[in-house]
Amino acid sequence: MPVPLDARLRDEQALAEIELTSDLIIAASASDEHLTQREVDDILGVPATR
11 MPVPLDARLR
21 DEQALAEIEL
31 TSDLIIAASA
41 SDEHLTQREV
51 DDILGVPATR
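Its first residue numbered 11, the sequence shown is counted upward by one per residue in the working numbering.
Just so you know, not all the hints are guaranteed correct.
Stated by the list, open to error - Derived CB-CB ranges, DEER-like: (1) Asp42 / Asp16: 38 to 48 Å; (2) Pro12 / Asp42: 40 to 50 Å; (3) Glu27 / Ala58: 20 to 30 Å; (4) Val50 / Ala24: 12 to 22 Å.
Because the hints were derived from the structure by calculation, they are not lab data.
In this text, a Cβ means the ideal position worked out from N, Cα and C, and glycines have one as well.
Let the sequences and hints guide you as you build the complete structure.
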């Protein structure tokens, strides 16, 4: 019988990166055009520069 994975071993940074990548893929697939740099930055939570 396999030993269950210890939940403490989850890599939170990897999970966050996967979530951001998923958000980008979903936005790109829903768009008829290429995403602008600003749209990508917004999805990734990058603040606008002045």
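Hint check:
Remark: the range hint 38 to 48 Å for aspartate 42 to aspartate 16 is upheld by a beta-carbon distance near 44 Å. Between proline 12 and aspartate 42 the beta carbons are some 45 Å apart, a value that agrees with the proposed interval 40 to 50 Å. Restraint check, glutamate 27 to alanine 58: a C-beta distance of roughly 22 Å satisfies the suggested window 20 to 30 Å. The hinted window of 12 to 22 Å between valine 50 and alanine 24 holds, with their beta carbons roughly 20 Å apart.
When the structure is compared with the earlier hints, no violation turns up for any of them.
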